[in-house]
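Participant: Listed below are the residues making up each chain.
Protein chains: 2
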Amino acid sequence: MEKLAWINLLYDFYGQLLTQRQQKFVELYYAHDLSLGEIAEQFGVSRQAVHDVLKRAEQILTHYEEKLGLVTRFIDQRRRLGEVLALLDENSSTLNGETLSRVREILRDVMG
Amino acid sequence: MEKLAWINLLYDFYGQLLTQRQQKFVELYYAHDLSLGEIAEQFGVSRQAVHDVLKRAEQILTHYEEKLGLVTRFIDQRRRLGEVLALLDENSSTLNGETLSRVREILRDVMG
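Chains as they are written, first to last, in the working numbering: chain A, 1454 to 1565; chain B, 1454 to 1565.
This is chain A alone, in the form it adopts within the complex (with noise of 0.2 Å):
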């Protein structure tokens, strides 16, 4: 997985046990693609603050995943949950309409 891809996951898991600031800025940063000059004007703090925050910030989050491995956790299950809508796939023309449709939608809604 890519590292964007993974600091949004791990932030959706644990980005409460950050700080306000932390937060904030994890999100401009990996959520809307701001740059770390971007964001610094908006504070009106300097390039390397906002740097170091998110630095702390992603340390704070691998730590709580280091600890817990939720994030793995769930990614685990998103891949068998695939492997369950693959096989229904595979098989939607020995079952009625109206149910695999519903099957697939929970099954999606689960996954995320």
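One or more of the hints may lead you astray.
Claimed, not checked - List of simulated lysine-lysine pairs, DSBU-like, C-alpha gap at most 30 Å: (1) A:Lys1520 with B:Lys1456; (2) A:Lys1520 with B:Lys1508; (3) B:Lys1520 with A:Lys1520; (4) B:Lys1520 with B:Lys1456; (5) A:Lys1520 with A:Lys1508; (6) B:Lys1477 with A:Lys1520; (7) A:Lys1477 with B:Lys1520.
I should point out that these hints are in silico values taken from the structure, not numbers from a laboratory.
Put chain B on the given structure of chain A with help from the hints.
Facilitator: Showing chain B alone in chain A's frame:
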């Protein structure tokens, strides 16, 4: 959900954030069903001390769940996967038997 099952789920998700001693006491009391007195005797401390450690551990686990809500999210996913299983069961006669047992196996695995 009853308290025992709830604490065990919280511990499954966040237990690694407790100290070694807190982990040990929670396991003995909630998973292995030892009494406060039995744990106290085993560790050479007072019943009150065991009670205090458990109380503090529950507060920490509850704090993380209030922040992150990952156990609540998991319970909801499990409920929805249960719905998928029920739907598949209702339609089992129109599904290839091998596929159905594989689908069930995966879903049960995901549901833990």
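Participant: Could you run down the list of hints and mark each one as holding or not?
Facilitator: So, going through the hints one by one against the coordinates:
The hinted pair formed by Lys1520 (chain A) and Lys1456 (chain B) meets the criterion: a straight-line CA distance of about 24 Å does not exceed 30 Å. Only pairs whose Cα atoms come within 30 Å are accepted, and Lys1520 (chain A) paired with Lys1508 (chain B) is accepted, the gap being roughly 22 Å. Straight-line distance between C-alpha atoms of Lys1520 (chain B) and Lys1520 (chain A) comes to about 16 Å, which keeps the hinted pair within the 30 Å bound. This hinted pair checks out: Lys1520 (chain B) and Lys1456 (chain B) have alpha carbons roughly 19 Å apart, not beyond 30 Å.
A C-alpha spacing of about 18 Å is found between Lys1520 (chain A) and Lys1508 (chain A), which places the hinted pair at or below 30 Å, so the restraint holds. Simply put, Lys1477 (chain B) and Lys1520 (chain A) have alpha-carbon atoms about 17 Å apart, close enough for the 30 Å limit, and the pair holds. For the proposed pair Lys1477 (chain A) and Lys1520 (chain B), the alpha carbon gap of about 17 Å is at most 30 Å, so the pair holds.
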